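Residue numbers (full-length UniProt numbering), protein chains in the order written: chain A, 1 to 365; chain B, 1 to 365; chain C, 1 to 365; chain D, 1 to 365.
Hints in this document: simulated from the structure, not taken from any laboratory.
Hints are supplied without guarantee of correctness; some may be wrong.
Heads up, the list lumps identical chains together, so a pair's fine if it works in one copy or across two of them.
[Said to hold, decoys possible] Below are the EDC-like pairs computed for lysine to aspartate or glutamate, each with C-alpha atoms no more than 20 Å apart in a straight line:
1. Lys225 / Glu24
2. Lys52 / Glu303
3. Lys95 / Asp281
4. Lys59 / Asp213
5. Lys46 / Glu304
Nothing here was measured: the structure is a model prediction, and the numbers come from that model.
There are 4 protein chains.
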Amino acid sequence: MVKKKAGVLGATGSVGQRFILLLENHPDFELHALGASSRSAGKAYKDAVVWKQTGLLPKSAENIQVEECKPEGRFADCDIVFSGLDSDYAGEIEKNFRDAGFAVVSNAKNYRREPDVPLVVPTINPEHLSIVEKRVTDAKAAGKQKPGFIVCISNCSTAGLVAPLKPLVDAFGPIELLTATTLQAISGAGFSPGTPGIDILDNVVPYISGEEDKMEWETKKILGKVNKQNDGFDLLSDDEIKVSAQCNRVAVSDGHTECISLKFAKRPPPSLEQVKQVLRDYECDAAKLGCYSAPSQTIHVLEENDRPQPRLDRNRDNGYGVSVGRIRPDPVLDYKMVVLSHNTVIGAAGSGILIAEILKAKNVI
Amino acid sequence: MVKKKAGVLGATGSVGQRFILLLENHPDFELHALGASSRSAGKAYKDAVVWKQTGLLPKSAENIQVEECKPEGRFADCDIVFSGLDSDYAGEIEKNFRDAGFAVVSNAKNYRREPDVPLVVPTINPEHLSIVEKRVTDAKAAGKQKPGFIVCISNCSTAGLVAPLKPLVDAFGPIELLTATTLQAISGAGFSPGTPGIDILDNVVPYISGEEDKMEWETKKILGKVNKQNDGFDLLSDDEIKVSAQCNRVAVSDGHTECISLKFAKRPPPSLEQVKQVLRDYECDAAKLGCYSAPSQTIHVLEENDRPQPRLDRNRDNGYGVSVGRIRPDPVLDYKMVVLSHNTVIGAAGSGILIAEILKAKNVI
Amino acid sequence: MVKKKAGVLGATGSVGQRFILLLENHPDFELHALGASSRSAGKAYKDAVVWKQTGLLPKSAENIQVEECKPEGRFADCDIVFSGLDSDYAGEIEKNFRDAGFAVVSNAKNYRREPDVPLVVPTINPEHLSIVEKRVTDAKAAGKQKPGFIVCISNCSTAGLVAPLKPLVDAFGPIELLTATTLQAISGAGFSPGTPGIDILDNVVPYISGEEDKMEWETKKILGKVNKQNDGFDLLSDDEIKVSAQCNRVAVSDGHTECISLKFAKRPPPSLEQVKQVLRDYECDAAKLGCYSAPSQTIHVLEENDRPQPRLDRNRDNGYGVSVGRIRPDPVLDYKMVVLSHNTVIGAAGSGILIAEILKAKNVI
Amino acid sequence: MVKKKAGVLGATGSVGQRFILLLENHPDFELHALGASSRSAGKAYKDAVVWKQTGLLPKSAENIQVEECKPEGRFADCDIVFSGLDSDYAGEIEKNFRDAGFAVVSNAKNYRREPDVPLVVPTINPEHLSIVEKRVTDAKAAGKQKPGFIVCISNCSTAGLVAPLKPLVDAFGPIELLTATTLQAISGAGFSPGTPGIDILDNVVPYISGEEDKMEWETKKILGKVNKQNDGFDLLSDDEIKVSAQCNRVAVSDGHTECISLKFAKRPPPSLEQVKQVLRDYECDAAKLGCYSAPSQTIHVLEENDRPQPRLDRNRDNGYGVSVGRIRPDPVLDYKMVVLSHNTVIGAAGSGILIAEILKAKNVI
């Protein structure tokens, strides 16, 4: 099978490096174009990047010549473009690519709140991709050129939060109240300069700029539904769900821990065993579609009383599996639990790759 | 002024070492007796202890001969006994001392739930000490010997939690709902062996045995009132306040961070500015009594958006001051905020010392 | 091809867990027997172990019934026995297995200094195995039963140290003076209790019991040669090489960093480029033999000025490759450099597995 | 007694903040002027700084208006100027102040190698200050205006290294060979951005730009003597002492650990007990002069086998005392030992303050 050609925007950054690692030896995609700032353009990738991943820089990427982030050059041949751009630049560049007819899967926040841009955790709400699928199908049917589009990856801490919620909502109806306190890894902050050592050594920083607002807002889009016209989304309203997040940075390299608590609208709420069973039984569509990166178990329900832990559990299903532990009754709401998700896999670049796999499986790219 | 003689039970342990440090050059107390296991008894303290404090082992303690934990020997002369005993031993030993007529201030959990034992955060609910004051006064009045008693220090994470609550309840009436997610320091776990390095290096452990239950229960006793007979306490009922705690161990040496959220019974609730003002204005009784260790500011209301942080704020008022930051409206309950308290000072040994200072100021010892 | 049956002694400990992980899906070996203390014996492994590895407990091990560490039961069928026993127990148990005719590959220190026990880093001095090969061959030739034997894995920090030395000695003759200061990971300390969190959080412990002596002594055996009779080893004498080690524990999970400095006997010494070239060109015998775990590159010579780093480089060649960086002239001796090795792979269990692969490739087992 | 007026250059940076903390309530100096970049100039200090110290921002500094770093304005009144400037700016600014007649004590590296600039660890080689003392005395005698001068604080890791060396050289004559491997704290890297969290979480960085060269060179100046003309220094030559340093950054907030090894010229070398005794007996001149910050014990010789440790020992004598432990014979050189020094006190700002105290005691300022 011919592999789709993939480009990476923001290739020297933290998220860009992760995209490159995940594309190595991928059965569906081959790395073809790398975009970065004009400072890096013209250099071989290995000379342009300060590689900071625990996996080695893939040989296949070493000698690709970095280009500026424009829909031309090697990018012109790409079937899909992954964006790890900083939000300072993502707005204009991603728009340029979309307008030039490219499929863009972006980790930046810029377009997440656009009415016609899907905001997707691929193991959780891949059905939101249907609005781009429709656009592509309609264009084909009309004999028009394939339209460009942007799909946004959710915020890293939102990804972990919605993972257990979606199956629960599907099974038991709306969640009315939701609180989440996060203990977030530093890899989410990138590394230019990222979290200073002095901030996480023997310390906690109880604040991440913009993060709480993102979690509270994005949850309402992801748990919402595609609208009837299949061209946008019916977000949950503040009346339907109230969400409160408190975000902390802690001394963890990878893996966001979230202590969440929720109250169902349904009275009486489902039993503890029902909650666990629904999470255990959940199988994501990506797995059903046979996507390469799809987790064999989307949600791991752990019964040990001191789990999940980032060091021990973040790599389940190569980081695409989310772990949920300590599910127990909550004296204030209905249930509380601890969720662990790998912030650079299911919470960032990894989700981008799996989204692309779904788009390919559905012939959208 | 003649100093009161102080004894320390469990003197070689983590809490015992802290008591010894805090008693160094104390104007009210002098270290007189040290109790530990029979393995240590008979040795000079400096030979019995593996000293793990950042402050050096006080000269005054070095050569005190360690004794077994019995109300005799050097302990016989003590006016007050501080207990840093493990709960495995505290039950029997503290009872023996109390029955022998000693004033015991204990960090162990064993007697916290006893109806006639005050559970005290000295900057928050020192009025609970009135029941032992009464017992002592009554005995004096009746010409009887001074009765022994036990006063318990609260759990370390409870101490930080109740600090801002008490002034708020006093000002605005009952809190109905309360949630707290903690990020707790490892010093709270002692060091025999304490938290293993492998558990906190690049990791979070989302579980501390018994801790959530302690926080939920102790809050109801500390926020409750002394009963009319002044011989026990009217605990808050589950109907009056629902409390939910989620406890995590993180890579911090000292200082518990707690993300809390609360809902007042009063509708509409007080304004954000009212909440802050009450906390800022709170002055603890210990300060009014002129106690040596009393914080000049009991609650520090921080306005920077990324504070409090353990490394930067735990030592305010020598660890007796509690910092509260990020006070803001909560979409689910009324307000959320971040509380930081020094777990070995206001959360453990330090509270014991300040309790003793109050008891002395009130002529109970 | 029929896999050899493998047993693991000390199966619930840190090293035992690593053996089990490395044996999962191994082409040469299948896990067959698990030995632990009488407290664990009789239980399914998953119920006996507190699993602390980042890789999940292999399914194949979960339900093996743990036995006591005796050469009977399931162990009776084993072709090879890996020992992760504590030195408190290893002495007697390993002797029992050897006397009962078993091939024992041990991580314990007990027999490392025995004259007829090879002390082996499998990528460095596999020729030391020839003395057990001879014993087995001789027995076969004489029609006798296969004799039991013990092979010892070197100390974890010795393994990293000797890796670059051996090729240099082979190429340029003796090293006269050798100093090494280590920055060692905590995984080397096991986890019962292992390094306490309080010792490595914002701290360095400049001492590891017995470690410096092990490094200084073991280097002389490993760099020595098999004697002429092929039944023992000619150790380097103190006159031939002087070794000085200083060992520190630091806040790293896996991967020992060693700052080493050396002086060749040869005057003038080889050039900097010659030193690098020899290290780059070194190919280990295990790779030539086609052993499954052998590294494709035994020694990685890094040219970046800030490498190797544990987080970035410890997993090269699955932890079997050793990284050497910052090779540069030394004002005091001849050259200094930084060596990084994965302490639980090439420094412990991983070496045991590769030793067994070599033994199998040579028909010793 | 009237306090001398002190200015701080680079007041918003890491070292500047430390100067400000140390000047709080100082008996000899009062903070009078604060200099920073034009971006900060004109603001109250509390609005210009991001305060990152564990001690709170002193009230006395809060409202001082920050100025540009010019020898005018409030600086015009200063008796002494402490510089925490980045080396990018220190060269010109410090020269301007010196030329304008100011006494400048600098933490920057720019003038350390100037022939007529003393490079001083105040507890170790305060006699190097005699050349500025002479210049000032000569000017006074000649009825001229007091001349400006610069005194440089040594590099932080050099300070710890030379501390035990100086008393040994004084007692036993030259040290011929010296090796040092450092494990350095992150506070030495400042915080704009300082060491990234990702570099020190579960990691070691075996490289600090320029550091090894500084240690090797500065040692030769500090252990050298004032020349006969008392206007410069006779540095030790490479023939007199060979020094080799290897520098690592580790996950420690404050406190540099150094594993050092040395060989005396004297044969046979002094005994182990003689070495210890000389270190124990060393009393620094600053203590004899009664300087406020001088340590009561300059060098603490620790006998416990696992000390010194940064967390436990860095604050001895408020960070002005250096701890030396594990003194033992070295198989390669004569003796090896572990040295711990507080890198922001004796290794940086603290030394600056103590140098100024000495200058004041000697009427140089």
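message = If the cut is 20 Å between Cα atoms, do Lys46 and Glu304 qualify within a copy, between copies, both or neither?
response = between (44 Å within a copy, 12 Å between copies)
query = Are the CA atoms of Lys225 and Glu24 at most 20 Å apart within a copy, between copies, both, or neither?
reply = neither (34 Å within a copy, 44 Å between copies)
request  = Up to 20 Å between alpha-carbons, please classify Lys95 paired with Asp281: within, between, both or neither.
outcome  = This pair counts as neither: shortest intra-copy Cα distance 39 Å, inter-copy 50 Å.
query = How would you label the pair Lys59, Asp213 (within, between, both, or neither) given a Cα cut-off of 20 Å?
reply = Cα proximity of Lys59 and Asp213: none, with 40 Å in one copy and 35 Å across.
key: Within, between, both or neither: Lys52, Glu303 at alpha-carbon 20 Å   = between (35 Å within a copy, 15 Å between copies)
Violated hints, listed in ascending order, are 1, 3 and 4; each of the other numbered hints is respected by the structure.
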